[in-house]
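Position chains P, G and V against the provided structure of chain L, taking the given hints into account.
Protein chains: 4
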Amino acid sequence: MSGNSFGHTFKITTCGESHGGAVGVIIDGCPAGIKITLDEIQHELDRRKPGQSHITTPRSETDTIHILSGIFEGVTTGTPILLLAYNKDARSQDYDELKKLFRPSHADYTYLMKYGIRDYRGSGRASARETLARVAAGSIAKKYLKENLNIEILSYVEQVGHIKADIDMQSVSLNAIEENIIRCPDQKIAKEMISYVEQIKAAGDSIGGVIRCVVRNVPVGLGEPVFDKLNADLGKAMLSINAVKGFEIGSGFAGVELPGSQHNDPFIMQNGNVRTSSNYAGGILGGISSGEDIYCRVAFKSVSTINKEQATVNLKNEEVKVRGEGRHDPCVLPRAVPVVDAMAALVIMDHYLRHKARIS
Amino acid sequence: MSGNSFGHTFKITTCGESHGGAVGVIIDGCPAGIKITLDEIQHELDRRKPGQSHITTPRSETDTIHILSGIFEGVTTGTPILLLAYNKDARSQDYDELKKLFRPSHADYTYLMKYGIRDYRGSGRASARETLARVAAGSIAKKYLKENLNIEILSYVEQVGHIKADIDMQSVSLNAIEENIIRCPDQKIAKEMISYVEQIKAAGDSIGGVIRCVVRNVPVGLGEPVFDKLNADLGKAMLSINAVKGFEIGSGFAGVELPGSQHNDPFIMQNGNVRTSSNYAGGILGGISSGEDIYCRVAFKSVSTINKEQATVNLKNEEVKVRGEGRHDPCVLPRAVPVVDAMAALVIMDHYLRHKARIS
Amino acid sequence: MSGNSFGHTFKITTCGESHGGAVGVIIDGCPAGIKITLDEIQHELDRRKPGQSHITTPRSETDTIHILSGIFEGVTTGTPILLLAYNKDARSQDYDELKKLFRPSHADYTYLMKYGIRDYRGSGRASARETLARVAAGSIAKKYLKENLNIEILSYVEQVGHIKADIDMQSVSLNAIEENIIRCPDQKIAKEMISYVEQIKAAGDSIGGVIRCVVRNVPVGLGEPVFDKLNADLGKAMLSINAVKGFEIGSGFAGVELPGSQHNDPFIMQNGNVRTSSNYAGGILGGISSGEDIYCRVAFKSVSTINKEQATVNLKNEEVKVRGEGRHDPCVLPRAVPVVDAMAALVIMDHYLRHKARIS
Amino acid sequence: MSGNSFGHTFKITTCGESHGGAVGVIIDGCPAGIKITLDEIQHELDRRKPGQSHITTPRSETDTIHILSGIFEGVTTGTPILLLAYNKDARSQDYDELKKLFRPSHADYTYLMKYGIRDYRGSGRASARETLARVAAGSIAKKYLKENLNIEILSYVEQVGHIKADIDMQSVSLNAIEENIIRCPDQKIAKEMISYVEQIKAAGDSIGGVIRCVVRNVPVGLGEPVFDKLNADLGKAMLSINAVKGFEIGSGFAGVELPGSQHNDPFIMQNGNVRTSSNYAGGILGGISSGEDIYCRVAFKSVSTINKEQATVNLKNEEVKVRGEGRHDPCVLPRAVPVVDAMAALVIMDHYLRHKARIS
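Chains as they are written, first to last, in this note's numbering: chain L, 56 to 415; chain P, 56 to 415; chain G, 56 to 415; chain V, 56 to 415.
So here's chain L without its partners, still in its complex pose (with noise of 0.2 Å):
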């Protein structure tokens, strides 16, 4: 019980259901003494919201945040931060239908199995609108990282369906990200992505894709093993988001048939530093981040609600057909970044503030 919390020092508990009244977020252990702007928040949510072009859902939802405690007068004071975008109303007959089945792919059965009880509005409290939470949660942790520890995160879609972009991590830049709608900083490749979303969309049907994350300037330290090793707890962030069915660190997947002699990163002098001169780890060695850039990978199904007849079973049992609704998004990549970079973020700043407690 009790799964809607997340970090050990730097915690949130999410709640808030699809067409509920509100979704939000508590954020305790912040630091204090963090200035922080509504503005700050709302664009990170910005980049997450539904509508924003044409190839995302039509829905037009503004999701304004608001601050309902813990921020007093533009400042973190320490104390819990309550974060809220109020949801808006659902018309009760709009699911006359859908609450009479199981959705294939989606979560209507096993919610139903598990609670006895479901808010079939818009998928309830499985609806990624849940997500908004953690982006509002993670701009907060992100600005902090930024401004303390100059800690760059950086999230771009690499591949959609089939099509696969081959982006240098190290120069990659959040302006390349943002030059396109599909957050793929490739913007030949974003070009044909985009192309393949509209086929897609256009067939009623959905696609996937991986992001990839990098992280720029994490300290030496962070991580506690054994079990909260920072890439486990990356891990645990990123395959907790929906539709993710795939995570990889550095080498990932690929790397396991490199050889030791290939796949070990010889140290190295540089600048006075030490380095190392490949990064196959992904800048965490034991689970402690080595100070080189962590990158990861992440896959996303594509999304369950499509615009095709299907086959599926209903509350009685029988076998039946269910169409969804023509709103749903063809592909949840580009809007799914945000939630990678705030994901990336929450762990980063739990892990940072819990080695802070082990350094005198």
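Treat the hints with care, as some may be off.
Which copy? The list can't say, so a pair holds if one copy fits it or any two copies do.
What the hints assert, rightly or not - Within a straight-line C-alpha distance of at most 30 Å, the following computed DSS-like cross-link-like pairs (lysine-lysine) qualify: (1) Lys256 <-> Lys246; (2) Lys411 <-> Lys154; (3) Lys371 <-> Lys243; (4) Lys198 <-> Lys256; (5) Lys371 <-> Lys155; (6) Lys143 <-> Lys256; (7) Lys411 <-> Lys90; (8) Lys154 <-> Lys198; (9) Lys155 <-> Lys363; (10) Lys155 <-> Lys201; (11) Lys411 <-> Lys371; (12) Lys201 <-> Lys411; (13) Lys90 <-> Lys371; (14) Lys154 <-> Lys376; (15) Lys411 <-> Lys155; (16) Lys154 <-> Lys256; (17) Lys246 <-> Lys219; (18) Lys155 <-> Lys90; (19) Lys198 <-> Lys411; (20) Lys90 <-> Lys363; (21) Lys411 <-> Lys363; (22) Lys154 <-> Lys90; (23) Lys243 <-> Lys256.
Simulated from the structure, these hints should not be mistaken for lab results.
Just so we're clear, the structure is a prediction, and the values are computed from it rather than from any experiment.
Relative to chain L, chains P, G and V alone:
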């Protein structure tokens, strides 16, 4: 801090370094009334122990387990269970060279930077010897799940280096897995893998691979969204194992190329039960078990210790050469199989107990 | 850090300052299927609200509660429940004087020293207004315990200043408690108490007292030794309430004078049940409920805000005088009764769910 | 479940029954770099051990402590520390009578009801022998606090039965406490107490008392409102000790009779520091340490084992008689002093590390 515990309700805390007094684990929250013998625990440990075949490290540790609390007259009492394996003495002078430098891709550097001190004898706390504590604890969970819920956990080697097996997950059996020393249930591919590991060993090198884990008969309803999703906790569990670089649930990275119309798993009725006709989801929907088989894949990189000269840096920040000791595991996969089993058992057990608190 | 959560399985996280946007609570881990109305929650809050009688603070806050998530069509869904009471606007200039100094025995000084910043409006996070979040959450636990287990929680005022009532714990009823505004079920002593509080109020002073809490029909077996003993968690719960300086379970401090031959509670058979013929233990043996009534006592000091001139220090470290605002509670006890109820309910509920995970 | 851990950042998990293999503790989150010897740990344990004087139990256990992990070359490494004391063999037949019945005011009945099984040898897990694990862990915290922050923790016996000492908390010293076998720093009252315990012992009975704990030089700022207030965590720590029935911080129960005008502690300037001229608060304001001395009182009931015939019930639900073994502690207070010390040290240490995560 305090990163050495795993689980919420069936909670384990491990301790011990490679060459300290002992490696151990306290299990807190184990249900009372489970019959368990030392032999049953030792049996799982023997699958993990060094020296079990010519392709594992020739170090001869017996890994004999001792029960020091929590089990009375062969039955768990509901109080914390302490399991210990005492270490053999290490000669300090054996480490005179290694203590002065950072072995490539080992945790020597990050541990020293994080803590300001490190136990340099055989990797200290970062040694994979710690996983024996996980296997010991997991053996009790595994037994409980099998006897009370008929849950079966089967892990096996699916890939070694570039050599891949294509195993039918539904028919694979423990016997087939244990029939060869590489623990790949395809006996023909297993021979190729063994032969490849022999070559790697002869070259003083090491190689990685992929372990598949299949869990059968999991009841519907396990998993605590939105953060403690069953897949997220499985991912964290696996990513906390030494050398793991990737985790996939269900269709994983390959699945991102499938449009929703192909990836969605249609619900059907089968013998009066709600089932799905495909299982790209990997047995988990919305973070909650669906009743279908759970399956995942875990990527292990090659072990860092190799018998070749490598470039590195010493404590004086001089660039030097290092050559590993000769007794490493050329391929850790066969010994990692029971560790993956154990982590899966620990996650399922913990979530089963968490879910029990919810149901009337 | 992260000290704003309470409970392990039925876990609450509160937020909000006296004059921020709202005071609220997320309940994570509430069982699904509990019918609960806004009125039932509001009813408990009304017992705590200011202005309910002439011996409480005349501040007129309505403390209207809102449900923003986790309850659908009047039933809990098993997802996190967000309950909020919006605050009324505070005029910043009202605090121009107070923000420059540290009120004696308030948390002004320690909050500023700890966090480097404080929300000085009405004590900020240190305000007892936070307890409304506890009462709101506790009301759901209380209802569940009553309806499912027939557990009855009754708190009442046993002492105000030097005036003590001697109440029979076995016959006391909610009606007797609610019959007067001081919430002491001895109607004669209650009058004396009220009269004394009127004097204290007229003098611009404040006074403390003791609340007794009795819990009936607790099943045998709740409590998780050796640290999360039922009495230890009850103690922590009560000691976390503003102004509490002491906690006793069973015979408490007076009991230390009894030799074992008198203090031991002999087991007897009564109507086929194992019972004890006395109950010095207070219904808990070895940290686990015994089935006898649980009873404890909670000491509240006088509230710190008084309408008298007091010596103190300001932010410039000058010794100055301060006089409290005129609208304080002369005696917080009657309003603290529902808070004690709530904390008892939260502890029992959490331990009931924790214990459920153990039993087959 | 999982109630055998205490602390958030400096976290201990204890294990072991009275007559199982060992009693032990894992400390997770201990800072690296603390020099600690076996002798320093053993020294604290010797204050707790049985047989140390003629007024404690004559059982002769040496309680020899062993370090099995986390300390390398005499220095903590930041990894989990396992401390163990092996138990002496118990003869099972010694318990043939006791295993069939429930000793009055012991945990025999509640353990059996909760878990369905109990280790009946010497109270099993409910034995106060478990507190040696707390003392062992506390000794490291105590040393760290003393050496790094000059924090001094002094506990002593203030009351035995009806005999009370009035000790000046500001001048009391460890020497005065250790000067007699009852650990009351008033040497004259101590003699009375010892004489009284001798009478109690001769009568085959037992008696309780009160331990005072004083903590000096605690920095301002420790404590995490609103639930993990320093006083709330101190209270839980003490209430989790066997036989404890009450806890007071600062003015406690007696303080409720003081009006605010007398109870409030005025702030003053003293040698350039903000101080208070009285300390009814007990060194904690709003749950956060104020820099004044922290003091609290802990009530211990008489031990349940007495050498007199008592009425009770057996496993067949028959009313029977029982007589305790002859080797009980007539008064547990002198041996409980180091346990109270240890729990105070563990709480302060944990909160010090938690607070460190907050400050830049």
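Results for each hint:
1. For the identical chains of this complex, Lys256 and Lys246 are intra-copy neighbours only, at 15 Å inside a copy versus 47 Å across copies, given an alpha-carbon limit of 30 Å.
2. Taking identical chains as interchangeable, the C-alpha atoms of Lys411 and Lys154 lie at most 30 Å apart only when they sit on different chains, with a minimum of 26 Å there against 49 Å within one chain.
3. Taking the closest pair of Cα atoms, Lys371 and Lys243 never come within 30 Å of each other, the shortest separation being 50 Å inside a single copy and 47 Å across copies.
4. Proximity of Lys198 and Lys256 under a CA criterion of 30 Å is satisfied in neither setting, with 35 Å inside one chain copy and 48 Å between copies.
5. Taking CA atoms no more than 30 Å apart as the test, Lys371 paired with Lys155 passes inside one copy only; the shortest distance there is 8 Å, against 53 Å between copies.
6. For a Cα distance limit of 30 Å, the shortest separation of Lys143 from Lys256 inside one copy, 25 Å, qualifies, whereas the shortest one across copies, 48 Å, does not.
7. In the homo-oligomer, the alpha carbons of Lys411 and Lys90 lie at most 30 Å apart both inside one protomer (20 Å) and across protomers (20 Å), since each shortest distance falls under that limit.
8. Taking identical chains as interchangeable, the C-alpha atoms of Lys154 and Lys198 lie at most 30 Å apart only when they sit on different chains, with a minimum of 29 Å there against 41 Å within one chain.
9. In this assembly of identical chains, the alpha carbons of Lys155 and Lys363 lie at most 30 Å apart only when taken from the same copy (18 Å versus 64 Å across copies).
10. Taking the shortest alpha-carbon separations for Lys155 and Lys201, neither the intra-copy value of 48 Å nor the inter-copy value of 33 Å comes in at or below 30 Å.
11. In the homo-oligomer, the alpha carbons of Lys411 and Lys371 lie at most 30 Å apart only across protomers (26 Å), although the nearest pairing inside one protomer, at 55 Å, exceeds that limit.
12. Taking CA atoms no more than 30 Å apart as the test, Lys201 paired with Lys411 passes in both settings, with 17 Å inside one copy and 21 Å between copies.
13. Proximity of Lys90 and Lys371 under a CA criterion of 30 Å is satisfied inter-copy only: 24 Å between copies versus 54 Å inside one chain copy.
14. Taking the closest pair of Cα atoms, Lys154 and Lys376 come within 30 Å of each other only inside a single copy of the chain (14 Å); across copies the shortest separation is 63 Å, beyond that limit.
15. Taking identical chains as interchangeable, the C-alpha atoms of Lys411 and Lys155 lie at most 30 Å apart only when they sit on different chains, with a minimum of 27 Å there against 51 Å within one chain.
16. Taking the shortest Cα distances, Lys154 and Lys256 sit within 30 Å of each other inside one copy (25 Å), while across copies they are farther apart (58 Å).
17. With identical chains, the CA atoms of Lys246 and Lys219 are at most 30 Å apart within one copy only, with a shortest distance of 12 Å there and 35 Å across copies.
18. Taking the shortest alpha-carbon separations for Lys155 and Lys90, only the inter-copy value of 22 Å comes in at or below 30 Å, while the best intra-copy value is 48 Å.
19. Both within a single protomer and between protomers do Lys198 and Lys411 lie at most 30 Å apart by alpha-carbon distance, with minima of 18 Å and 21 Å respectively.
20. For the homomeric pair Lys90 and Lys363, neither the shortest alpha-carbon distance inside one copy (48 Å) nor that between copies (37 Å) is at most 30 Å.
21. Taking the closest pair of Cα atoms, Lys411 and Lys363 never come within 30 Å of each other, the shortest separation being 52 Å inside a single copy and 38 Å across copies.
22. In this assembly of identical chains, Lys154 and Lys90 lie within 30 Å of each other by CA distance solely across copies; the values are 20 Å between and 44 Å within a copy.
23. When the C-alpha separation of Lys243 and Lys256 is checked against a cutoff of 30 Å, the pair qualifies only within one copy, where the shortest distance is 20 Å, while the shortest distance between copies is 45 Å.
Going down the numbered hints, you'll see the structure goes against 3, 4, 10, 20, 21, while the others check out.
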